[in-house]
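For the record, the sequence lines run as chains R and E. Oh and the first sequence: position 73 is 73 in the numbering used here, straight run, nothing missing. Oh and the second sequence: position 6 is 6 in the numbering used here, straight run, nothing missing.
Be a bit skeptical, because a hint or two may be false.
[Said to hold, decoys possible] Think about it this way: if two alpha-carbon atoms lie no more than 25 Å apart in a straight line, the pair counts; the simulated DSS-like pairs of lysine-lysine are: (1) LYS36(E) - LYS23(R); (2) LYS145(E) - LYS42(R); (3) LYS145(E) - LYS18(E); (4) LYS42(R) - LYS77(E); (5) LYS145(E) - LYS120(E); (6) LYS70(E) - LYS145(E); (7) LYS2(R) - LYS23(R); (8) LYS36(E) - LYS70(E); (9) LYS42(R) - LYS36(E); (10) LYS36(E) - LYS77(E); (11) LYS18(E) - LYS82(R); (12) LYS42(R) - LYS120(E); (13) LYS4(E) - LYS42(R); (14) LYS77(E) - LYS4(E).
Calculated directly from the structure, the hints in this document are not laboratory data.
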Amino acid sequence: MKLQEIVDSLSLVVKTASAHLTKEVTGGYVSDLLSDVMANTKDGYVWITLQTHQNIVAVATLKELSGIILVNNRTPEPDTLKKAEEEGLPIMVSSLPAFEIAGLLYNLGLRCR
Amino acid sequence: MQDKPTKTAEGVFFITGKDFANAGVASCELKSILEKMGVDRGIVRRAAISVFEAEMNVVIYTPAGMMRYKVTPDYIKIVVEDVGPGIENIDLAMTEGYSTASDDIRSMGFGSGMGLPNIKRNTDELSILSIPGIGTTLEMVINIKKE
Chain R
1 MKLQEIVDSL
11 SLVVKTASAH
21 LTKEVTGGYV
31 SDLLSDVMAN
41 TKDGYVWITL
51 QTHQNIVAVA
61 TLKELSGIIL
71 VNNRTPEPDT
81 LKKAEEEGLP
91 IMVSSLPAFE
101 IAGLLYNLGL
111 RCR
Chain E
1 MQDKPTKTAE
11 GVFFITGKDF
21 ANAGVASCEL
31 KSILEKMGVD
41 RGIVRRAAIS
51 VFEAEMNVVI
61 YTPAGMMRYK
71 VTPDYIKIVV
81 EDVGPGIENI
91 DLAMTEGYST
101 ASDDIRSMGF
111 GSGMGLPNIK
121 RNTDELSILS
131 IPGIGTTLEM
141 VINIKKE
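Next comes chain R alone, as it looks inside the complex (with noise of 0.2 Å):
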C-alpha cells in the first residue's frame, strides 16, 4: 500500500514531503518511546505518535521508516519540519487519536510483524 493511499482514507494533512507519498508501506507500529521505535520498527513502517520534536525524524531516517502520522492534532514544531522536508519524509497529521488510526490502517490491511 502507498502513502497516499492512507493519506486519503484517513483524510491526513500532509505537512512534509508531499512528493514522497508514493513511498510503500509495510506495516505500522505505534509508539511514543523512541528506544521501542528503533527497536520493533521495521523498514517502510508507518509510525503513530504524539511525539513532535525534531528527534523524530532521525528515528525514521535511520529506520527507513515511510512516515509518520501525528495524531490528536499535534502541530511539529518548526525545526522537525525542516529537517523532514530535508530528509523526504513525510510528517502527516490527523485529528484522531493513535488508537482510532491503528484500528482505521489495521482495516486497510496494514500489521506489525
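Given the structure of chain R, go ahead and fit chain E onto it with the hints provided.
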C-alpha cells in the same frame, strides 16, 4: 553470501551534550558511510540502532563525547567515549526499563531504559567501562564476516 565492504574506513564524530538539534547526526552519517561501503543492509540496520542509542545517551546524560568508528571487511567497531557522570551500576543499567532520566527527557520519549539493552541485542560484542564522576566508554563490535 552477505555483502561485504572491500575497503576499510575510520573516523570520528564529536557529540555535544544537550544538543538535541544535532542529536542523531553522527548516527545518520555513519549509516550512510556504511551504505556507501556496501555493507549488508541487515548489518547496517543493527549498526544504526546501536550508534543511535549510544549517541543519544551522550546527548541526554553527558556534557560531551566522541564516537570513533572503524569499518573493515570483517567487522564494524564503534567506540563511544564521554565525560559524563558515569554509570553507577552497569548491571542495573543493562536491565530493560531501568532509567535515571529526568521527567523532561522522558516526556520527549527518551530515557525509557531500552537504550543499552537495544545496543546489547544488536551488537556481537559490547563492553562498558564506566567510572562515576569521570565518564563512560562503550565499545561495540558488529561482525560482518559470517561465523
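Structure-based check of all given hints:
Taking the CA atoms of LYS36(E) and LYS23(R), the gap is about 22 Å. The hint holds against a cut of 25 Å. Restraint check for LYS145(E) and LYS42(R): the C-alpha separation of about 23 Å stays at or below 25 Å, so the hint holds. Restraint check for LYS145(E) and LYS18(E): the C-alpha separation of about 36 Å exceeds 25 Å, so the hint is violated. Distance check on the hinted pair: LYS42(R) and LYS77(E) sit about 24 Å apart at the alpha-carbon level, within 25 Å; holds.
For the hint linking LYS145(E) to LYS120(E), the alpha-carbon distance of about 19 Å falls within 25 Å, and the restraint holds. With a C-alpha separation of about 15 Å, the suggested pairing of LYS70(E) with LYS145(E) holds against the 25 Å cut-off. Among the hinted pairs, LYS2(R) with LYS23(R) is consistent with the structure: their alpha-carbon atoms are about 6 Å apart, no more than 25 Å. Distance check on the hinted pair: LYS36(E) and LYS70(E) sit about 14 Å apart at the alpha-carbon level, within 25 Å; holds.
Distance restraint check for LYS42(R) and LYS36(E): the Cα-Cα separation of roughly 21 Å lies within the 25 Å cut-off, and the hinted pair is therefore satisfied. For the proposed pair LYS36(E) and LYS77(E), the alpha carbon gap of about 17 Å is at most 25 Å, so the pair holds. Taking the CA atoms of LYS18(E) and LYS82(R), the gap is about 20 Å. The hint holds against a cut of 25 Å. Pair hint LYS42(R) plus LYS120(E) holds up; C-alpha atoms about 18 Å apart against a cutoff of 25 Å.
For the hint linking LYS4(E) to LYS42(R), the alpha-carbon distance of about 22 Å falls within 25 Å, and the restraint holds. Distance check on the hinted pair: LYS77(E) and LYS4(E) sit about 15 Å apart at the alpha-carbon level, within 25 Å; holds.
Consistency note: the structure conflicts with earlier hint 3 alone.
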